[in-house]
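Visitor: Produce the complete structure using the sequences and hints provided.
If you read the protein sequences in the order shown, they are chains H, D and F.
Position one of the first sequence corresponds to residue 4 (this note's numbering), numbered consecutively onward.
Position one of the second sequence corresponds to residue 9 (this note's numbering), numbered consecutively onward.
Position one of the third sequence corresponds to residue 89 (this note's numbering), numbered consecutively onward.
Think of the hints as simulated: they come from the structure by calculation, not from any bench.
Cβ coordinates follow ideal geometry from the N, Cα and C atoms, glycine included.
Any given hint might turn out to be false.
Covered by chain H, according to a simulated footprint, are these stretches of chain F (three or more residues, beta-carbon under 8 Å) [said to hold, decoys possible]:
#1 163-170
#2 173-182
#3 205-215
#4 555-562
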Amino acid sequence: MSTAAITRNLRAPDGGPSSGLTRERALGWGGIALGILAFLMTLPPFEVRSIGPSVVLAVLAAGLGVAAIVGGERRLGGGAIAAAIVGVLGAYGATRSGTSHLEVVVSWGALTAAMLRYATPLTFAALGGLVSERAGVVNIALEGMMLMGAFFAAWGADKTGTWVGGILIGVLAGMALALVHAIFAVSLRSDQIVVGTGLNFVALGVTGYMYVNSYGAQGTPDNLPSVPEVNLPTDSLGFIGQAISQLNLLVWGSLLAVVLVWLLVFRTRTGLRLRSVGENPRAAETVGIGVYRTRYAAVVASGGLAALGGAFLSIGFVHSFSQNMTAGRGFIALAALIAGRWRPGGVLAATLLFGFSSALAQRLPEFSPSLATLFQALPYVLTLIAVAGVVGRSTPPAADGVPYQREGN
Amino acid sequence: MSSVRPGAPAPPPPPDGQPEIALSPGFVARMTGQMRAGGWIAPLLTVVVAFFMGGLVVAATGHNPLSTYKAIFDGSGLQWLFPWTSGPDRDTAAINLQQTLLTTGPLILLGLAVGYAFRAGLFNIGGQGQYIVGSIAAVWAGSSWAGMPGWIHVILAMVLATAAGATWAGISGALRAITGANEVITTIMLNWIAIWLGVYLFGLGGPLQNNAQPDVPISNDIVHSARLPVFWGDADLQGLHIGIFVALAAAVVYWVLLNRSTKGYEARAVGFNPEAARYSGIRVGRTYVLVMATCGALAGLAGSLDVLGWQFHIATNDIQGTQLAFLGIAVALLGRNTALGTCLAALMFGALVNGTSVRNLDPAVFEPELAQNLTTVIQGLVVLFVSADVLILLIYNKLRPRRRARGGGAAGPAGDTIEVVA
Amino acid sequence: MSPQNAGAAELALELRGITKRFGALTANDAVDLQLRRGEIHALLGENGAGKSTLMSVVYGMARPDEGEILIDGEPVTIDSPREAMDRGVGMVFQHFMLIPVMTVAENLVLGAEPRKHGLLDLAGARRRTRELSDRYGLKVDPDARVSDVSVGQQQRVEILRALDRGAKILVLDEPTAVLTAQETAELAEVLRALRDAGTSIVFITHKLHEVLDVADRVTVLRRGKTIGTVDTAGADDASLARMMVGRDVVLRVEKEPGKPGQPLLELDDVHATDDRGLPAVDGVSLHVRAGEIVAVAGIDGNGQSELIDLISGLRPCTGGHVRLGGKDITNCTPRAARDAGIGHIAEDRHRRGLVLDFNLSENLALMDYREGTRFGLLKPRRMLDAASRLLHEFDVRGGSPVTPARSLSGGNQQKVVIAREISGNPDALIAAQPTRGLDVGAIEFVHRRLLAERDAGRAILLFSLELDEVRALADRIVVIYDGRIVGELPPTASDEELGLLMTGSGAGRVASS
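Guide: Shown next as structure tokens:
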């Protein structure tokens, strides 16, 4: 940047991408909040049975959105208008349906617990993606690494008789696949997306092959050791208390992992070097940081984390393995990574949102059994909206996806 | 070497919806550059390595790789092509080959659907969803309007399927063009949305569930007038229908489109260098939409061939089990995105799919359920090794002088080795 | 120390017969270099003479094929930057090796980070940055993001980082290429101070006057070979230039005064923003007449790129008007701008000017591939014929119409771009850095051609960072600073006059234009 650019910067202090909460942004966020409130007030425990107040709120929300757009904050303004529309539609649906249905579907404690469970595999995988992409390697093979984790955790738990053994073997399997990814993506400088796609097939084939070979038509045994639940005496502490009173150990593990990954990436020497490799590998090399070594480590760690997510699926959640059981979760995790702007906190927020949509999808059949299957598509639709709506505002590590080649020999 | 210098200052955010994660800049060029330099050898070597490693998996689980591959080959019916196959063997082989070609047709289309996107710098992993919406449209059109003249009905069903696929893929193209959303993620999400849409439509109580058996989640049957005519084999035993010619014709159209049309020229320019394309006046965003729509049209057409040619109805578990479209990726990569290469790669994978099918593979030699997963492994390895052209060419260049040396000559001159254009 | 060793011990760094090949290209051919302790030693040569490669070898980024490196008289092998640092070699690269999204302090400690309780000690990093900054008198703000500080400051961070790692030998690769005149003068001060404190400095450049200003001795490279080492005390511009290019330099292409006609390209108070949405072009008005070359001079990053984009329809014009031959073409699409008669020799031929993997006929057809097509089908025959004709007319060597553009030399690639743009018969031609990275012969070709096009009646708007080029070609020179035209000068203007305007110092004394 030249001095000219600096002076331009000084003249336009609000122009930067990381500008604070301007009036327009406040309007946008306010509109979004009102739109959500319009829907919330018709749900238990408030259960306003008339659509009127919601409509008023939604109109207000849309008004704020328009104001934000006029003020130049188009994205948040659009979000506010969208929230207003969704809010009024949701409120309409809620006021039209019977309260008994409503209370079954919208039981906040159960819904929150389910959200956390559905979010867990995504969180692990997205954190894995974060570590890898912060080092500059795009990991499309998260899906395959999860699948490896899911199968080998089940297989390992079966063979060793303990869930600990299952997790160990699952994580090792995920790391093994990640090592292959690293060899191709880092050393052979292959296109990282194509390598990842190939590895997803390999993982699908290998786990399917091993599954058929080991378990055939019977499926995994019913007495598969599973990761224990953690019981807390918090039932009386409102819906949050109910939600966390009985959660799987790995659900807590995923929340801990968010903190640990944040510490690692942003507060340690390793993390600084990791990020420097992802931003400008040549610069990292000139100060003596091993680019290849860092990228290998990051990708392998990424495989371990994604495999933990898979392990939770098979021996923490479903208690069995089935072929291709990850069902695109690796890609939803990738979307969460983008939506969360490559930061652990943002990633958690995004995976919770996707988790919530899955939890909701599980409960909506209460209203219409035939449409129920259609609700299964909800998390995918949401992901689609997220990647379409959020990108452009989020900037990946500068060298993300770019193979690095040392100069000379 | 003109690979992007990672040390150079970061370029400004690219316009026209370049996503966070995209195919690496040199990849498209490498795929075609290598075609110029390496000819057929690199793809062949890729296949050999993939099958070899697949064989290791087979051997590791206590089976004999050679007899397994022999049984798969027998199941594919390819020995029909050998003049010495005769008598009942030849009849069986003919039936098997019809099956193989039955799969080859849609695979050609699915490969082209990936290949055209690749040439424009896009990665279409959404063949599955586009295939599904195509088959949904075809089954709906083909099971409605009984009494319409046959050829009009067939063409109408195929056109609708094509349009459905184009629309579905066009969503990803438009999202990429407008918002920069990465097409890898959006196409995969659209796959799952298509799956659940299909399960809903044909499921119990769904709007397109069949009229006769309310407790079976399956569509109505395609009426006889809308079925594709069989020209080889028994129409009642899934003989070979004329869809294969539709696919071959599409391959010719693909060649013309890519190499001889202005739209293909624009697509290639965008694939090689979107910035230069934009600068020279090509509308990059619109090209993305058009290319994706074209790809979706091809995949949707593939769906209609299967529905109108031999499936004649769709059950919900068919939809969930549709993996054929993913093979299109391996087909396109192995065929180097060329029309002829795609046809040959489609034949190979068609043979592999049918050679490992429950119907064709001798379970005494190898369990078909295992073999189908083996197909997936080989498919993945092919994609993996195609991506690692550096590795394959390294192997090739290593082998070459050694072979010469064995023949008594000196190591080959440097000019003989294949260089990766990166 | 015995007297025989005195000569060797005086040398901080010695290179003996360094040869480095990249494929068929020999970047360094038995190069010798002797760097004395506590001197500033310039390494002078044209672009592509092998200066940067030589220093990559010293810094362990490239392994020499032959030759020997001696540090303090001892032969060493340097296989990685880490080893180079351990041996006291520090490097400041032409493209700074900094992480833009990180702070100055984070960048400074990267690779040798302070730790506290196993975590990164950011407070310690800031402290260390301040200490270094004070000790060497190089002011930097430890908490500023590198992307937010000036290029001069970024360079200081690099120098401080090298010193932090204990560099006794400091190599600077083209350090002044991105600096303003003021910053260059400051850098020279810093280097002299470092030298006086005992640091040995290699200063890579291709600018003669800098060598004479800053360096004690100079080694000249030409085409990968050492031509010689001389003291700057007895050297002058002419002698160094002769060593550098191997003959007496006549850089000026003979030029008749232009015969300008009616104004063709007119910009009226145009505005545009950069990629981050900040104002970059801030009310530029200028006109170019038929048969005239107007050069826009300025330091890189003062709105030139945005102005080019704006005229050619690649960037929205947020205010004002662009007219071509009286017709308003403000905010039209790139294609419409071309159809209206704007030709555009792109700033970066690899990124924008060419599709490197297309063959020459496809590249030459990029603007007119749709001409005469029917049913949306290309006319390959027509494209090939047109290409043959253009390749001949513009003397493009090393390829036929079906050769991929990638395999051509830079000069010939640029000829292809120019051929395409001129063949479109534009009224106005934008030439952005038309000779960047070309050798002398190709530069001469481009210059002659641009003058010929001027004389054919085109309006040519030239953007160039090379003042020599600006003066050689332009009929009028306008200077751009911070997105505004700050003055107009005749081609006879001196470096000083131009320099003052380009650095904003002359603003306010705006000549009428």
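Visitor: Each hint should be assessed against the structure and marked as holding or not.
Guide: Outcome of the hint check:
no. : hint    : in the structure
1   : 163-170 : holds (count 3)
2   : 173-182 : holds (count 3)
3   : 205-215 : holds (count 3)
4   : 555-562 : violated (count 0)
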